[in-house]
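Number of protein chains: 2
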Amino acid sequence: MSKSFDFYFDFASPFGFLGSRRVTALAKAIGRDVNWRPFLIGAVYKAHGGLPLDHPLKKDYVFKDFFRRAKLDGIAEVRVPTNFPANPIPPSRLAYWVEREAPEKMGAFVEAAYRAYWIDGKDTSDANVALDVAASLGFDRDAAAAGAQEQDIKDRLRHETENALARGVFGSPFILIDGEPFWGTDRFDDIERLYR
Amino acid sequence: MSKSFDFYFDFASPFGFLGSRRVTALAKAIGRDVNWRPFLIGAVYKAHGGLPLDHPLKKDYVFKDFFRRAKLDGIAEVRVPTNFPANPIPPSRLAYWVEREAPEKMGAFVEAAYRAYWIDGKDTSDANVALDVAASLGFDRDAAAAGAQEQDIKDRLRHETENALARGVFGSPFILIDGEPFWGTDRFDDIERLYR
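If you're matching them up, the sequences are chains F and W in order. Count the first sequence with the numbering used here and you get residues 283 to 478, in order. Count the second sequence with the numbering used here and you get residues 283 to 478, in order.
Hint data in this document are derived by calculation from the structure and do not stem from the laboratory. It cannot be assumed that every hint is accurate.
Identical copies go unnamed one by one, so any copy, or any two together, can satisfy a pair.
Stated by the list, open to error - In silico SDA-like links for lysine to any residue, alpha-carbon gap of 25 Å or less:
1. Lys436 / Phe366
2. Lys285 / Gln433
3. Lys310 / Lys404
4. Lys387 / Asp315
5. Lys353 / Asp471
6. Lys404 / Asn365
7. Lys341 / Asn445
8. Lys353 / Gly466
9. Lys353 / Asp424
10. Lys341 / Ala390
11. Lys340 / Asp460
12. Lys353 / Gly453
13. Lys404 / Ala368
14. Lys346 / Phe470
15. Lys387 / Ala448
16. Lys328 / Leu339
Looking at chain F on its own, in the form it has when it is part of the complex (with noise of 0.2 Å):
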């Protein structure tokens, strides 16, 4: 089994968006596997106080800041989302039972979401949406439907979700690589000068 490392994010979250277009990159560079664990970022500023965005000033800043990374990370079509940030609830859901019933599919399913609501502007929290997404790739849409409505599914983002919070995890995206934390894309290149 080859070594891997855990890649946290939040389906509502810009820079989990921007994460994702690079992490499958970073782990070829460090010849690794990326483990996706989409979570809910919700929960860490519940159980720690505090938002993301907190004060109108640091909004405008990470919208402006999202925009001028993701033109250098040759993105630019990007755009804020009508309903941000989108209950990230039924992509998360999914994505696990896509990693279930193919797992090798689970990066693909990633980052079709994302670009569904960061890009397509789609409303990827209404179930509908989030599983158009999974159709586009091929699964069965009664299927898909099914699964994210399963216990164990349910329980499996509740868990997730859970664990990232117990091994510290508090932003979006959020890297642990043999026990290492390294929070943000920011920290992208770090992870690749350390662990080459």
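Place chain W on chain F using the hints.
For chain W alone, kept in the frame of chain F given last:
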């Protein structure tokens, strides 16, 4: 007059310290001068609410990340001062006095005051320790002591802090270049790409 950019920082800020070690090279790379702008980050938290390291989880991470980044930047000898976060007013006032008396020494003073606090473990919130830093750069100790107590110098720091807030500065370090905001040392590379 050559073009410049504003480098805002708080003397108690760990990443302000790391930024101060790289900002001169950044300025050189893009052909500009640094306007060293010490300010009081506490005023931001007072104005906008929130604390920089507002839960233990994040505080632990930030220091772990700080040590890792310092090492990657080639600064192996940093330590967390026992009195973190120290009152930044004494070195900040002295910095503006230094700028008035010998503007070409402003950068050297900032670097020396940061070194005293983050490397040598000295308590720069003590006015005498801050004066040691000025003296080490050849300034007359009594003149520096009197200068730091001048109403003009006190007003200058207050004005720069108010101005920082008015311009949307909410973290340390923070660069404003041609009106564009960049928060953190994480954006130095972006500035270099965009303004070279």
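We went through each hint and held it up to the structure:
Taking CA atoms no more than 25 Å apart as the test, Lys436 paired with Phe366 passes inside one copy only; the shortest distance there is 23 Å, against 43 Å between copies. Within a single copy, Lys285 and Gln433 get their C-alpha atoms no closer than 30 Å, and across copies no closer than 61 Å, so neither meets the 25 Å cut-off. Neither within a single protomer nor between protomers do Lys310 and Lys404 lie at most 25 Å apart by alpha-carbon distance, with minima of 30 Å and 44 Å respectively. In this assembly of identical chains, the alpha carbons of Lys387 and Asp315 lie at most 25 Å apart only when taken from the same copy (13 Å versus 50 Å across copies).
Taking identical chains as interchangeable, the C-alpha atoms of Lys353 and Asp471 lie at most 25 Å apart whether they share a chain (18 Å) or sit on different chains (14 Å). Proximity of Lys404 and Asn365 under a CA criterion of 25 Å is satisfied intra-copy only: 9 Å inside one chain copy versus 50 Å between copies. Taking CA atoms no more than 25 Å apart as the test, Lys341 paired with Asn445 passes between copies only; the shortest distance there is 20 Å, against 28 Å inside one copy. For a Cα distance limit of 25 Å, the shortest separation of Lys353 from Gly466 qualifies both inside one copy, at 17 Å, and across copies, at 19 Å.
For a Cα distance limit of 25 Å, the shortest separation of Lys353 from Asp424 qualifies neither inside one copy, at 37 Å, nor across copies, at 52 Å. For a Cα distance limit of 25 Å, the shortest separation of Lys341 from Ala390 qualifies neither inside one copy, at 29 Å, nor across copies, at 34 Å. Proximity of Lys340 and Asp460 under a CA criterion of 25 Å is satisfied inter-copy only: 19 Å between copies versus 32 Å inside one chain copy. When the C-alpha separation of Lys353 and Gly453 is checked against a cutoff of 25 Å, the pair qualifies both within a copy, at 22 Å, and between copies, at 23 Å.
For the identical chains of this complex, Lys404 and Ala368 are intra-copy neighbours only, at 10 Å inside a copy versus 48 Å across copies, given an alpha-carbon limit of 25 Å. For a Cα distance limit of 25 Å, the shortest separation of Lys346 from Phe470 qualifies both inside one copy, at 21 Å, and across copies, at 16 Å. Taking identical chains as interchangeable, the C-alpha atoms of Lys387 and Ala448 are never at most 25 Å apart, the minima being 27 Å within one chain and 48 Å between chains. Taking CA atoms no more than 25 Å apart as the test, Lys328 paired with Leu339 passes in both settings, with 22 Å inside one copy and 14 Å between copies.
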